[in-house]
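A.B. asks: Sequence:
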Amino acid sequence: MESEDKQGIGSNFESYRERLTNFSNEFELGLFLHILKQNLLLMALIIALAMTAAFLYLRYTPPVYEARTVIQLSSSDNAKRILNVNQFSEDNSLLGEIELMKSKLLITRVVKNLPINITYFEQGEIMTDQRYPSSSFVLEVVEVRDSSILDQPVYVNFTPENTFQLQLNGQPIGKQEKPGRVAQNEFFDFKLIVVDPNFLRRIESSEIAFYFMMNKPATLSNKFSRQLGIKILNNTAKTVELSMRDNNPGIARDYIVAHAEEYLRFDLENRELSENNILRFIDSQLDTVYRNLRDSELQLNIYKKENRISDLSTLSGTYFDYFRTFDEELVRIELEENMLKQAIGTINDAGHNVDVYHLIPLLTGSVYEGAIEQMLEQLRKMLTQREEIQFDIKETSRRIQALDYSIDIQKKLIVESIQAALVKLQSRRAFIQEKIDGSESEFSTLPGKELEFARLKRLFEINEKYYTMLLEKKTQYRISRAGYVSENRILERLLSSNEPISPNKSLITIGTLLVAILISLGIVVLKYVLHNKISGVNEIIKLSHASMTILGMVPKYKKDIPSSQLLIDKNPKSTIAESFRSLRTNIQFLSDGTDPDKPRILAITSTTSGEGKTFVAINLGGIMAYSGQKVIIIDLDMRKPKIHIGFDAANVEGMSTLLIGKSELSNCIRPSKLDHLDFITAGPIPPNPAELILGKKMQEILDRLKEMYDIIIIDNPPVGLVTDGLPILKLADNPVYIFRADFSKKQYIQMVDRLINENNLHKLSVVLNCVDLDRHRNEKSYGYGYGYGYGYGYGYYEEDVKESASLLKRLFRS
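Residues in the sequence shown are numbered consecutively from 17, following the numbering used here.
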């Protein structure tokens with residue numbers, strides 16, 4: 017039994033796979049439309065539920081509004097054409113500017129400039145509306161004592177008596193106050209002012225709950241950071257689109273405008289700060305050198321007056337040339353030392369926000385400018401790479417940490433390189449100073465006054481040279497700063513719409529409808545693919561490879577079948593009566609030229625119970641009795657007898673009692689309401705029906721009945737469940753197998769085919785019961801079953817005419 021179940025499951029699987037493979041080739045429009053018609057209610061329910069869900073979603077989902085602005089980032093440096101200053105290319109600086117735009121630093125500055133430190137809400141039964149820019153009331157906070165109140169919803173319960181009470185987490189805080197007065201509680205001091213003149217009327221007529229929140233700047237920054245969108249529109253033109261999405265259109269508009277303006281302001285402030293720092297350093301050096309220059313000049317003039325020296329021609333020309341070279345070198349070394357020290361301080365103070373472009377003016381003209389510039393270029397690439405990957409990964413990721421580690425190493429390498437350069441400069445200074453000291457000792461033989469005058473003169477020239485170099489440096493940087501022109505500008509100040517971008521009503525409505533239709537059709541297609549029921553005669557022919565004789569088919573009875581199951585006498589001109597006439601005629605054609613007066617045995621069986629073999633047996637017997645033949649129906653389905661129910665008779669004695677010899681045949685034969693139609697019930701259910709049927713007594717009963725009747729119709733047990741009916745099928749002149757449309761499974765056909773071949777039942781013919789004529793009306797396969805006897809077409813018979821007339825009456829009434 018288990019092996020048969022596995023075989024059945026395997027055959028089902030193979031059948032489903034075959035249907036999927038040959039779906040397009042074997043597509044049956046009639047079956048598909050039938051399944052579609054059966055599931056119309058389910059499809060309508062799915063579509064209705066989907067549209068209801070879409071309506072609820074659109075009704076209760078807070079709308080999202082978007083405001084956008086376009087900024088062009090541009091700068092030009094005309095100083096490059098004037099000064100011989102090497103600067104890095106700024107082609108990749110766009111990513112750095114984008115990182116600045118989305119930084120928490122800039123967002124926090126924007127938030128502080130907007131009037132959203134306190135937000136106001138009106139809460140309904142389902143939705144909550146943020147009131148901005150206007151609210152029914154405003155709050156002026158004097159002092160916050162406890163910061164735990166921040167970011168907490170504080171409800172304001174207004175009363176018709178023009179008072180209010182604050183509530184936090186369902187508990188009242190403070191006491192009942194009147195608007196317009198300074199009040200205090202354990203958390204903060206405040207004054208609440210009602211600004212809507214219709215406010216009290218709204219309180220009385222609605223069930224709106226009012227509350228406010230005092231926001232932390234960090235919380236607002238995190239919120240707007242998630243809602244802010246930045247997109248590069250054109251990399252060549254350096255145009256960037258900033259967008260803000262929020263449930264409140266006013267907040268989205270005001271924020272995006274404030275963000276663009278704050279970026280321009282911040283960029284200007286940042287550049288001015290860097291430039292001022294560098295100029296401040298140069299000015300401090302100029303002040304020191306100027307004081308030294310003034311002192312040395314004063315000393316020189318005093319010495320000249322006191323010693324009456326006005327001409328230096330008496331001094332050796334070699335002395336001045338020699339010492340002038342060393343003095344100029346010392347000035348250059350001192351200037352480079354100061355620049356390198358300033359660069360080290362700038363790198364150490366900046367952290368990860370090193371702006372390598374601001375280090376260029378400090379290193380301009382330095383001997384080590386080229387070598388350090390290469391290291392700064394490498395640092396710039398690392399910083400740019402860090403800015404790029406911050407768009408995709410978190411700050412705590414290992415990749416960011418590894419890159420930060422590399423940046424720290426590169427900064428350390430730059431600092432160590434600068435420090436090494438400082439050490440070399442100091443060594444160079446010591447070497448030159450040693451040369452100067454040695455040279456002074458060599459010229460010590462010169463007259464003392466002339467030598468002192470030469471020393472003072474040399475000191476004056478050193479300070480003058482140093483001062484001149486600083487002035488040149490300052491001039492160069494001022495030219496560079498003046499040559500840089502910031503052209504960052506807002507191309508489109510505000511792009512917004514009063515219509516929300518989300519949820520999209522038309523898109524969601526149409527999309528939901530399409531999805532619901534697709535799901536519904538998918539269910540229908542799935543049911544069609546998984547459909548394993550016999551639906552028409554053509555399927556029996558196809559699956560059996562035309563090896564079975566199709567006796568005919570019986571249409572579906574649209575009304576309730578009476579308990580007697582005998583229908584042909586109720587309306588002899590009905591379609592169902594004509595179908596049994598067709599069966600009767602086709603049985604006559606199957607006689608193969610035998611004597612028509614010879615009694616015949618018709619054995620009717622099926623695969624399982626419920627396929628209608630008893631119904632066919634009773635009505636086929638009744639239609640044969642109408643033709644004047646004497647017919648008797650025998651109920652051999654002794655395990656589940658039904659003939660006595662069909663004829664509304666008692667089942668006290670019958671075939672079971674006849675086969676054991678307990679009853680006489682004459683006592684078991686009962687007449688029906690139709691002339692020439694008798695029947696024998698199954699009798700009490702025996703424990704061994706198979707043995708009784710195989711006994712000699714069965715043949716004796718059949719022989720005696722042949723003497724009495726023209727047609728013997730035997731209602732056999734289902735052969736798919738038990739094997740009791742096989743001997744009678746072999747014995748019968750016309751074995752008939754019943755399938756029921758949309759009930760019998762397709763593998764039953766294979767079972768019948770095996771039954772025919774294994775038991776040599778080639779006389780077996782098939783009847784398809786309970787066929788829906790409305791469904792098959794337009795199918796080409798419908799005509800096959802009618803070709804044996806009633807091909808007049810649908811609408812010929814009396815019941816069809818009545819239905820058509822009724823339909824016409826309804827149409828005319830409408």
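These are computed hints drawn from the structure, not numbers from a lab.
Take the hints with a grain of salt, since some may be wrong.
Stated by the list, open to error - For lysine to aspartate or glutamate, the following DMTMM-like pairs were computed, each having C-alpha atoms within a straight-line distance of at most 20 Å:
id: 1; residue 1: K247; residue 2: E113
id: 2; residue 1: K239; residue 2: D145
id: 3; residue 1: K481; residue 2: D585
id: 4; residue 1: K440; residue 2: E345
id: 5; residue 1: K440; residue 2: E555
id: 6; residue 1: K761; residue 2: D424
id: 7; residue 1: K481; residue 2: D283
id: 8; residue 1: K572; residue 2: E555
id: 9; residue 1: K357; residue 2: E345
id: 10; residue 1: K558; residue 2: E345
id: 11; residue 1: K128; residue 2: D343
id: 12; residue 1: K440; residue 2: E344
id: 13; residue 1: K120; residue 2: D343
id: 14; residue 1: K321; residue 2: E115
id: 15; residue 1: K254; residue 2: E113
id: 16; residue 1: K247; residue 2: E257
id: 17; residue 1: K118; residue 2: E313
id: 18; residue 1: K481; residue 2: E313
id: 19; residue 1: K646; residue 2: D585
id: 20; residue 1: K428; residue 2: E450
id: 21; residue 1: K646; residue 2: D749
id: 22; residue 1: K614; residue 2: E707
id: 23; residue 1: K490; residue 2: E393
id: 24; residue 1: K678; residue 2: D726
id: 25; residue 1: K558; residue 2: E44
id: 26; residue 1: K232; residue 2: D205
id: 27; residue 1: K572; residue 2: D788
id: 28; residue 1: K239; residue 2: D424
id: 29; residue 1: K247; residue 2: E555
id: 30; residue 1: K521; residue 2: E508
id: 31; residue 1: K207; residue 2: E156
id: 32; residue 1: K451; residue 2: D343
id: 33; residue 1: K473; residue 2: D283
id: 34; residue 1: K656; residue 2: D585
id: 35; residue 1: K254; residue 2: D303
id: 36; residue 1: K427; residue 2: E344
id: 37; residue 1: K232; residue 2: E202
id: 38; residue 1: K427; residue 2: E393
id: 39; residue 1: K646; residue 2: D613
id: 40; residue 1: K397; residue 2: E353
A.B. asks: Evaluate each hint against the coordinates.
C.D. replies: Consistency of the hints with the structure:
| no. | hint | result |
| --- | --- | --- |
| 1 | K247 x E113 | 12 Å, holds |
| 2 | K239 x D145 | 17 Å, holds |
| 3 | K481 x D585 | 136 Å, violated |
| 4 | K440 x E345 | 13 Å, holds |
| 5 | K440 x E555 | 101 Å, violated |
| 6 | K761 x D424 | 77 Å, violated |
| 7 | K481 x D283 | 37 Å, violated |
| 8 | K572 x E555 | 18 Å, holds |
| 9 | K357 x E345 | 18 Å, holds |
| 10 | K558 x E345 | 109 Å, violated |
| 11 | K128 x D343 | 55 Å, violated |
| 12 | K440 x E344 | 17 Å, holds |
| 13 | K120 x D343 | 51 Å, violated |
| 14 | K321 x E115 | 66 Å, violated |
| 15 | K254 x E113 | 10 Å, holds |
| 16 | K247 x E257 | 5 Å, holds |
| 17 | K118 x E313 | 56 Å, violated |
| 18 | K481 x E313 | 13 Å, holds |
| 19 | K646 x D585 | 16 Å, holds |
| 20 | K428 x E450 | 33 Å, violated |
| 21 | K646 x D749 | 17 Å, holds |
| 22 | K614 x E707 | 28 Å, violated |
| 23 | K490 x E393 | 24 Å, violated |
| 24 | K678 x D726 | 26 Å, violated |
| 25 | K558 x E44 | 13 Å, holds |
| 26 | K232 x D205 | 17 Å, holds |
| 27 | K572 x D788 | 5 Å, holds |
| 28 | K239 x D424 | 31 Å, violated |
| 29 | K247 x E555 | 62 Å, violated |
| 30 | K521 x E508 | 28 Å, violated |
| 31 | K207 x E156 | 5 Å, holds |
| 32 | K451 x D343 | 11 Å, holds |
| 33 | K473 x D283 | 48 Å, violated |
| 34 | K656 x D585 | 26 Å, violated |
| 35 | K254 x D303 | 42 Å, violated |
| 36 | K427 x E344 | 32 Å, violated |
| 37 | K232 x E202 | 19 Å, holds |
| 38 | K427 x E393 | 11 Å, holds |
| 39 | K646 x D613 | 11 Å, holds |
| 40 | K397 x E353 | 27 Å, violated |
Hints 3, 5, 6, 7, 10, 11, 13, 14, 17, 20, 22, 23, 24, 28, 29, 30, 33, 34, 35, 36, 40 from the list above are not met by this structure, while the remaining hints are.
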